[in-house]
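Trainee: Now for the letters of each chain:
Number of protein chains: 2
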Amino acid sequence: MRSFIIKGTICYSLSPKELAVHPNGYAVCVDGVSMGVFAHIPGEYQHLPALDYGDHLVIPGLVDLHIHGPQYTFRGTGMDLELMDWLQKYAFPEESRFENPEYAAQAYEIFARQMKKSATTRAVVFGTRHATATEILMEKLEETGLVTYVGKVNMDQNAPEGLQEASAEASAEATVQWLEQTAERFERCKPILTPRFIPSCSRQLMEKLQEIRKAWNVPLQSHLSENPLEIQIVGEMFPQEPSYGHCYDRFGMMDEKTIMAHCVYSSPEEVQLIKQRGVFVAHCPASNTNIASGIAPIRRYLDGGLRVGLGSDVAGGQTESIFRAMTDAIQVSKLYWRLVDNSCKPLCFAESFYLATMGGGAFFGKVGSFLPGYAFDALVLDESAMPYWSPMDPVQRLERYAYLQTGGEGLLAKFVAGTKII
Amino acid sequence: MRSFIIKGTICYSLSPKELAVHPNGYAVCVDGVSMGVFAHIPGEYQHLPALDYGDHLVIPGLVDLHIHGPQYTFRGTGMDLELMDWLQKYAFPEESRFENPEYAAQAYEIFARQMKKSATTRAVVFGTRHATATEILMEKLEETGLVTYVGKVNMDQNAPEGLQEASAEASAEATVQWLEQTAERFERCKPILTPRFIPSCSRQLMEKLQEIRKAWNVPLQSHLSENPLEIQIVGEMFPQEPSYGHCYDRFGMMDEKTIMAHCVYSSPEEVQLIKQRGVFVAHCPASNTNIASGIAPIRRYLDGGLRVGLGSDVAGGQTESIFRAMTDAIQVSKLYWRLVDNSCKPLCFAESFYLATMGGGAFFGKVGSFLPGYAFDALVLDESAMPYWSPMDPVQRLERYAYLQTGGEGLLAKFVAGTKII
Chain A
37 MRSFIIKGTI CYSLSPKELA VHPNGYAVCV DGVSMGVFAH IPGEYQHLPA
87 LDYGDHLVIP GLVDLHIHGP QYTFRGTGMD LELMDWLQKY AFPEESRFEN
137 PEYAAQAYEI FARQMKKSAT TRAVVFGTRH ATATEILMEK LEETGLVTYV
187 GKVNMDQNAP EGLQEASAEA SAEATVQWLE QTAERFERCK PILTPRFIPS
237 CSRQLMEKLQ EIRKAWNVPL QSHLSENPLE IQIVGEMFPQ EPSYGHCYDR
287 FGMMDEKTIM AHCVYSSPEE VQLIKQRGVF VAHCPASNTN IASGIAPIRR
337 YLDGGLRVGL GSDVAGGQTE SIFRAMTDAI QVSKLYWRLV DNSCKPLCFA
387 ESFYLATMGG GAFFGKVGSF LPGYAFDALV LDESAMPYWS PMDPVQRLER
437 YAYLQTGGEG LLAKFVAGTK II
Chain B
37 MRSFIIKGTI CYSLSPKELA VHPNGYAVCV DGVSMGVFAH IPGEYQHLPA
87 LDYGDHLVIP GLVDLHIHGP QYTFRGTGMD LELMDWLQKY AFPEESRFEN
137 PEYAAQAYEI FARQMKKSAT TRAVVFGTRH ATATEILMEK LEETGLVTYV
187 GKVNMDQNAP EGLQEASAEA SAEATVQWLE QTAERFERCK PILTPRFIPS
237 CSRQLMEKLQ EIRKAWNVPL QSHLSENPLE IQIVGEMFPQ EPSYGHCYDR
287 FGMMDEKTIM AHCVYSSPEE VQLIKQRGVF VAHCPASNTN IASGIAPIRR
337 YLDGGLRVGL GSDVAGGQTE SIFRAMTDAI QVSKLYWRLV DNSCKPLCFA
387 ESFYLATMGG GAFFGKVGSF LPGYAFDALV LDESAMPYWS PMDPVQRLER
437 YAYLQTGGEG LLAKFVAGTK II
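Line by line, the protein sequences are chains A and B.
Its first residue numbered 37, the first sequence is counted upward by one per residue in the working numbering.
Its first residue numbered 37, the second sequence is counted upward by one per residue in the working numbering.
Please keep in mind that the hints were generated in silico from the structure rather than gathered at the bench.
Some clues are possibly wrong.
No copy is singled out in the list; a pair is fine if it fits within one copy or between any two copies.
[Unchecked claim] In silico DMTMM-like cross-links for lysine to aspartate or glutamate, where the CA-CA straight-line distance does not exceed 20 Å: (1) 456 / 179; (2) 381 / 116; (3) 250 / 67; (4) 381 / 118; (5) 381 / 121; (6) 53 / 116; (7) 250 / 223; (8) 153 / 419; (9) 293 / 175; (10) 125 / 429.
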């Protein structure tokens, strides 16, 4: 049943600054696609079954543009190091364990279960460099009903023995085999090319990935300008390039089907390139705080017309909650305004809500709103754990929910492209 | 039954940097006081009843040095303004409603219930300027079993009509009557003098409060150096004082029974005064972020030997969770290090745990540890909502719990001075 009507107090973004609010509205879904939200059910839809959620808040599903599946096992720990040391001490040793498919199956079972319970309806996910484990991750995510992209990671240098791939050829070959296995295998989970980041990939590997991408026409995700030491290393590897982003660009990896996580320290040249190419920026405020990277100037990116969404970046970020990412984005933007640049106005709630829905959703097409023609991803919120006393309008209730609901609970229902998965 | 033994995986602070960890330890409580933690039950305590919590984490109760009871009603909303405007638009109008005792009873019932469910065992609480409502707040908190200080707020200037007290005399008189009603009425809830902050109190009122404090020998709480505009206003009111803190000091309000919330912008003179007088700093990282005040340099205060604890500062902070305050404190200290002063090393987990337990606990006496002689405040943590896969040591489990457990649930048991309240 992918055609139906939901009644509730419906909120969704029209643009970065505009929230539409329909108390007692009717959101109409036909074959998994939104027909819009109405004050009364239009005649042509009167025959559809209606789900009455009373005054409960109904919003579009949330989109996570950047999360590491294998790092879910150690989320909330190991918060005492910066990026490069953090990778060596925590992330790489844990990722090494995913060579064992049994380990992968058990860890990814927990990850997938938690993602299903979360407010996330669509996610773009890093696996490890292991093709078998990554295919297991895809199987598990497919079962959740979420729509996802998942990447087998490429890394043929600067990684610990065991985790590092044997050669550029071996990495490329494993990637092609993985694409052959998975490109058409799942309905909702698709592969995405995933060179870990410039320091992890030889030029030869990057050239091969460029060829693979042309041949397979798949999107791509990576990391960009997250930490000062990382940027320094990249600068030493490619002294002739005007920015870190240009290193990806020389291999044809910067375009409108690319997500670059972080962009904390993007130079004006890099920002210009991101904009020209239509690259998506995955803003990961919790991770950038936890591993002390800094604060990305999202106000400047939004006002400059860049495409921006949110990422939980587990396990740099401690939680998969995109509600938490939403409020973290507001909070760090205030500290950026106060401590770094008082011409960068803090993000308002409507803007962070936009980032979590339409902003990131655009990577998946028409996703992240109830405007007509958008995929019908929806959450019905359960506020019962938040007793309130002051009278609140729907936007205040939504704001409060985002600030207080940071765990994986609190949903009465969750729909992805018109299919109810909770 | 206030004499018993708890078996569990017991963690507590010995000092700001040292965490004691006893897997399968026995914490002994006699008449509500800790006798210490042992690997085996000492002979003299063999007769005591034992509660076996297996491998569950057992830690001291958490201490909230700064929370506004009446603002609980609008927590998680109204995050778009700085302090002075935020008070006028959100806090003062809501506090005005507490003139009505029925309103107060209903709102404080919710507040008290949530505090009881929380990980907080001791709290220092602002009421409103209304004596009746504040006494109701004290009744409700007494029933929870928490140990608390609660203040009737004094404010005779710069507040909206209705909320502002009629005169210094009226404010002082109401305060004395309230003290007469409440000083001896409750076992666990005691009054604390609460001049809101310098801009809200005339000199005449401050002089009267100084007299009242001498006569009644009660502790005192207020706000200090939170926001640049606030500090500017205070500077204009007292141009001859070397710091905001010295304005309180001239009325005898800076001593070892004083809590000053925030101290984001304390000058070297003010820090020196705080240290000399033994004043407690209530660090409120969420509030300082949400109303864009800035980041308090807690590393400097800790290393300088100041007495520091944590405050949730609801509703500048969105949640009463001191676990959240703990991780917020770490997170903002990283941003301070990165963006403001890289000689201020980020707080580590052991330090923030200390702030939340022993640091703030010291305001209540020997509170916040299981060292012998400390009040037996204890939490038994429920990690069942956090499935984990990687093997973790007790401190990693505790760190993860603090990062992920941000709501009011997740406790198997809660003891205050040896009395089980959950």
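Trainee: Evaluate each hint against the coordinates.
Mentor: Results of checking the hints against the structure:
1. For the identical chains of this complex, residue 456 and residue 179 are intra-copy neighbours only, at 13 Å inside a copy versus 44 Å across copies, given an alpha-carbon limit of 20 Å.
2. Proximity of residue 381 and residue 116 under a CA criterion of 20 Å is satisfied inter-copy only: 11 Å between copies versus 30 Å inside one chain copy.
3. Proximity of residue 250 and residue 67 under a CA criterion of 20 Å is satisfied in neither setting, with 32 Å inside one chain copy and 74 Å between copies.
4. Taking the shortest alpha-carbon separations for residue 381 and residue 118, only the inter-copy value of 12 Å comes in at or below 20 Å, while the best intra-copy value is 27 Å.
5. In this assembly of identical chains, residue 381 and residue 121 lie within 20 Å of each other by CA distance solely across copies; the values are 16 Å between and 33 Å within a copy.
6. Only between protomers do residue 53 and residue 116 lie at most 20 Å apart by alpha-carbon distance; the minimum there is 14 Å, versus 36 Å within a single protomer.
7. For a Cα distance limit of 20 Å, the shortest separation of residue 250 from residue 223 qualifies neither inside one copy, at 22 Å, nor across copies, at 75 Å.
8. Within a single copy, residue 153 and residue 419 get their C-alpha atoms as close as 16 Å, and across copies as close as 17 Å, so both meet the 20 Å cut-off.
9. Proximity of residue 293 to residue 175 under the C-alpha cut-off of 20 Å is found in neither arrangement, the shortest distances being 23 Å within a copy and 60 Å between copies.
10. In this assembly of identical chains, the alpha carbons of residue 125 and residue 429 lie at most 20 Å apart only when taken from different copies (16 Å versus 47 Å within one copy).
The structure shown violates the earlier hints numbered 3, 7 and 9.
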